[in-house]
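Listed below, chain by chain, are the residues.
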Amino acid sequence: MNVLTRLNHATAKTFLHTDSIGSYLEPIIQRFKPAWRTHWFRARVLSIKNLDGVVELLLSPEKHWPQAKAGQHVLLTLEVNGRLMTRPFSISSGPQQLSNDHPRQRSIRLTIKVNTEGGFTPKIVESVLTQRVVNISAPQGDFVTVDFPNNPVWFVAAGSGITPFLAMLHHLAHLASGSARSGANHPIHLVYFAKALEHLYVDELLAISKVLPQLRLQLLVRQQGHHLSDALLHCDPSSQVFVCGPAQFKHAVDQQLDMLLHPQQQRRAEYYQAPVVAQQSTGEHDVLVIQRGTSTLLTLTADDNLLTGLEQQGIRANFGCRIGVCHQCRCVKKSGVVRNLRTGELSQQGEQLIQLCISQAVTSLELEL
Amino acid sequence: MNNTINFNLLAEELDTLKRDTMAEVGRQDAAYIRNVIVWQRVLEWGGRALLMLGFIHPLWWGIGVLSLACAKILDNMEIGHNVLHGQYDWMNDPHINSRQFDWDIACDGKSWQRIHNYEHHTYTNVIGKDRDFGYGLLRLSNDFGWRIKNLWQFITYLNLSVLFQWGVSYHELAAERVFMGKKKQGRISRVDANELKRRFFTKGAKQLIKDYLVFPLLAGPLFLWVLLGNLIANLLRNLWTSTIIFCGHFTSDVHTFTQEQCENETQGQWYYRQALGSSNISGGKLFHILTGHLSFQIEHHLFPDLPSSRYQQVAPQVQEILCRHGIAYHTGPFLRQYIQVIKRILLYSLP
Ligand code: FES
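Taken in sequence, the protein lines are chains R and S.
Using numbering that gives the first Met the number 0, the first residue of the first sequence is number 0, and each one after it goes up by one.
Using numbering that gives the first Met the number 0, the first residue of the second sequence is number 0, and each one after it goes up by one.
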């Protein structure tokens, strides 16, 4: 396999000027197999439902897509008006839908909160309607629970952060129904914050709680006076805690747990940055620079362009004109938002190529030089 | 610089045109460049296959040569040159972008980006800064003193055209005086000389081995047919690219600028210099594609990272804006432009 890959690279580099034979042929193969891309899996769109504020995508992955563990996420790539855009989303399907026993009948459910100001989510429907086939990565992440927990488990979710827990709960319910090991049934708590009437999949959760009697459901609304401190009150230090939601939510949960002397090693979190809307680019931002495999964490003031900023911190980046003409200073922005100084436009959150000399940090960034 | 022109207004109008056009860029442009890539692949492998059918009838071989030459031209001009400029970076495609792309030519893509994207496009036609003005070989204006070697510079020009890919690939090494000559004062090298040499030789060797050894060997008894076919295809590509590029900057009316003129240049003055430093070639759609839209040299120099798929669309508006500001827009049919180039080379070969 490794020899083959290397042979592939060597041949492609010498004769085709690309990094692999696949990437050389990609535009041709796409004629027959839409959205065929090297290093990505294809998935057919089975259905797309527009619940209010949320889009539910049902995807049928191709045969050799690896088995997912409950709680993992995939990267979803869509072509939005010619641009490839990629974002991570948790899988919320249960074990039956993901089982490798019938690879063709699998379905991946992604539940995506539509942020009207964001650059990606509002376009999902439009782009999926024209595409029907999208790209996904292999399932990834270690946000997974053990099959038979021997401590109490707390799932703490906010908003669309419920999705990985749905998968985990389906999985645990499936195990419980199929096994006689019910002796040490530690409680499973689900603390789920959302706006009033915006809790997702309530019916499904209730159905699960029938099979999983140790599940304690708390559907909470902050605006109605529910507090994290009350919800987590009985979380004792031996519990395994999983948190999923926006970054601020995760911080709030951490603070609570610290007060309860709950140890950090017993926590796992998956969180996302809330999208920035025309934020002022002042102040300082953390910039993680990856250069030839080594990464450096810097703090940059936001008023300079990134090129000057990096240079002042002793990072040598490629450059030429310094006025945005030559594209020599381009680098891969892995995540974060930058402002284009020539047009004033804000970039997407996800991965894209930027020109350092005409970009300014708006949020924390991850750059690959 | 010309004082009668309102440079701020000029900059504003051109900026707006660019912004509006960029806003329209999308699905259509992505489909366009992928389409050109598909054609390039088809022509390349169709061509290579036909080269081996020469024994049935030499005509097949002839078509094969043309097909392969076309593939190389598409690869270098419409795909390579434009992708390396970052015109399609917005697609976020892991293969079609200025970081990843490499092309079917002896010149290393990265070297090209330094010397062409940066030096030539930033300092277009600034004497002493833009080595593309005469390539350090030809005297094309009175800004340069006359030397005896200029007498036979027409021959030099023909040689350069025939070996164009090697000229392009040696360009940065010549500028850096890697093999001979004294380094120019004030020139800051970005890459060390040994690295330049290494890249020059590896990329060059790859090209030679591919076209003149491996593919002919694969053809077995047809070794010579294929070797010759590849040689001619490369030659045709060299002549074509060199000719088109010369027409873009060395027609009779193209201006040159001094280094003082462009100190503290504003965006408007920069646009002005780009417009006067370039000239277009009129022609049909297919012609434009085969020139990599360098037939829209003026538009390309004003907006080097606007996708080439948009040059035909913005050209009339650019022309209108420039004319309104009293800035000449040099364009003409191929033959007329080319004759001007030849005249210029001959004219300045004499003191
Ligand atoms: S340095 Fe030339 S585009 Fe940034």
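Fair warning: there could be bad hints in the mix.
From chain S, some residues computed to sit far from chain R (all C-beta separations above 10 angstroms) [claimed, not checked]:
#, residue
1, Leu52
2, Met90
3, Trp102
4, Tyr117
5, Pro303
Only some residues are given here: those of chain S computed to face chain R with a beta carbon under 8 angstroms [as the list claims (entries may be wrong)]:
#, residue
6, Gly61
7, Arg98
8, Ile126
9, Gly127
Straight-line Cα separation of at most 27 angstroms, BS3-like style, residue types lysine-lysine; simulated pairs [claimed, not checked]:
#, chain 1, residue 1, chain 2, residue 2
10, R, Lys122, R, Lys112
11, S, Lys284, R, Lys333
12, R, Lys122, S, Lys109
13, R, Lys194, R, Lys333
14, S, Lys196, S, Lys182
15, R, Lys32, R, Lys194
16, R, Lys68, R, Lys12
17, S, Lys183, R, Lys12
18, S, Lys128, S, Lys342
19, S, Lys17, S, Lys284
20, R, Lys249, R, Lys194
21, S, Lys148, R, Lys12
22, R, Lys194, R, Lys62
23, S, Lys205, S, Lys128
24, S, Lys209, S, Lys128
25, R, Lys209, R, Lys122
26, S, Lys342, R, Lys12
27, R, Lys12, S, Lys17
In short, the hints are calculated from the structure, not lab data.
No residue lacks a Cβ here, since even glycine has one placed at the ideal position from N, Cα and C.
For each hint, the structure was consulted:
1. Interface exclusion of Leu52(S) from chain R stands, the closest Cβ pair being 21 angstroms apart, more than 10 angstroms.
2. For Met90(S), the condition that its CB be more than 10 angstroms from all CB atoms of chain R is violated, with the nearest at approximately 6 angstroms.
3. Not every Cβ of chain R is farther than 10 angstroms from the Cβ of Trp102(S); the closest lies at roughly 6 angstroms, contradicting the non-interface assignment.
4. Here Tyr117(S) does not stay apart from chain R, with its beta-carbon only about 3 angstroms from theirs, under the 10 angstroms limit.
5. A Cβ of chain R approaches the Cβ of Pro303(S) within 10 angstroms, the least distance being about 6 angstroms, so the stated non-interface status is violated.
6. Taking 8 angstroms as the C-beta contact cut-off toward chain R, the hint placing Gly61(S) at the interface is violated, the least distance being around 24 angstroms.
7. Because the beta carbon of Arg98(S) sits about 6 angstroms from the nearest beta carbon in chain R, less than 8 angstroms, this interface hint is met.
8. The criterion of a C-beta within 8 angstroms of any C-beta in chain R is not met by Ile126(S), whose closest approach is roughly 18 angstroms, and the hint is violated.
9. With 8 angstroms as the threshold, the beta carbon of Gly127(S) stays out of range of chain R, its nearest partner Cβ sitting at about 17 angstroms, so the hint is violated.
10. For the hint pairing Lys122(R) with Lys112(R), the CA-to-CA distance comes to about 12 angstroms; that is within 27 angstroms, so the pair holds.
11. This hinted pair does not check out: Lys284(S) and Lys333(R) have alpha carbons roughly 38 angstroms apart, beyond 27 angstroms.
12. Of the supplied pair hints, the one linking Lys122(R) and Lys109(S) is violated, its CA atoms being roughly 35 angstroms apart against a limit of 27 angstroms.
13. For the given pair, Lys194(R) sits about 31 angstroms from Lys333(R) by alpha-carbon distance, which is inconsistent with the 27 angstroms threshold.
14. Annotation: proposed proximity of Lys196(S) to Lys182(S) holds, straight-line Cα distance about 16 angstroms (limit 27 angstroms).
15. With a C-alpha separation of about 42 angstroms, the suggested pair Lys32(R) and Lys194(R) falls outside the 27 angstroms cut-off, and the hint is violated.
16. Proximity of Lys68(R) to Lys12(R) is assessed by CA-CA distance (about 36 angstroms); at most 27 angstroms being required, the pair is judged violated.
17. At roughly 35 angstroms between alpha-carbon atoms, Lys183(S) and Lys12(R) are farther apart than 27 angstroms, so this suggested pair is violated.
18. A distance of roughly 24 angstroms separates the Cα atoms of Lys128(S) and Lys342(S); the hinted pair therefore holds under the 27 angstroms criterion.
19. Proximity of Lys17(S) to Lys284(S) is assessed by CA-CA distance (about 22 angstroms); at most 27 angstroms being required, the pair is judged to hold.
20. Note on Lys249(R) and Lys194(R): the hinted pairing holds, with a Cα-Cα distance of about 17 angstroms set against a maximum of 27 angstroms.
21. Under the criterion of a C-alpha separation no larger than 27 angstroms, the hint pairing Lys148(S) with Lys12(R) is inconsistent with the structure, at around 40 angstroms.
22. In summary, the hint linking Lys194(R) to Lys62(R) is not supported, as the alpha carbons are separated by about 38 angstroms, beyond the 27 angstroms threshold.
23. With a CA separation close to 31 angstroms, the supplied pair Lys205(S) and Lys128(S) exceeds the 27 angstroms bound.
24. With a CA separation close to 35 angstroms, the supplied pair Lys209(S) and Lys128(S) exceeds the 27 angstroms bound.
25. Proximity of Lys209(R) to Lys122(R) is assessed by CA-CA distance (about 37 angstroms); at most 27 angstroms being required, the pair is judged violated.
26. Taking the CA atoms of Lys342(S) and Lys12(R), the gap is about 42 angstroms. The hint is violated against a cut of 27 angstroms.
27. Using a Cα cut-off of 27 angstroms, the hinted pair Lys12(R) and Lys17(S) is violated, with the two alpha carbons roughly 35 angstroms apart.
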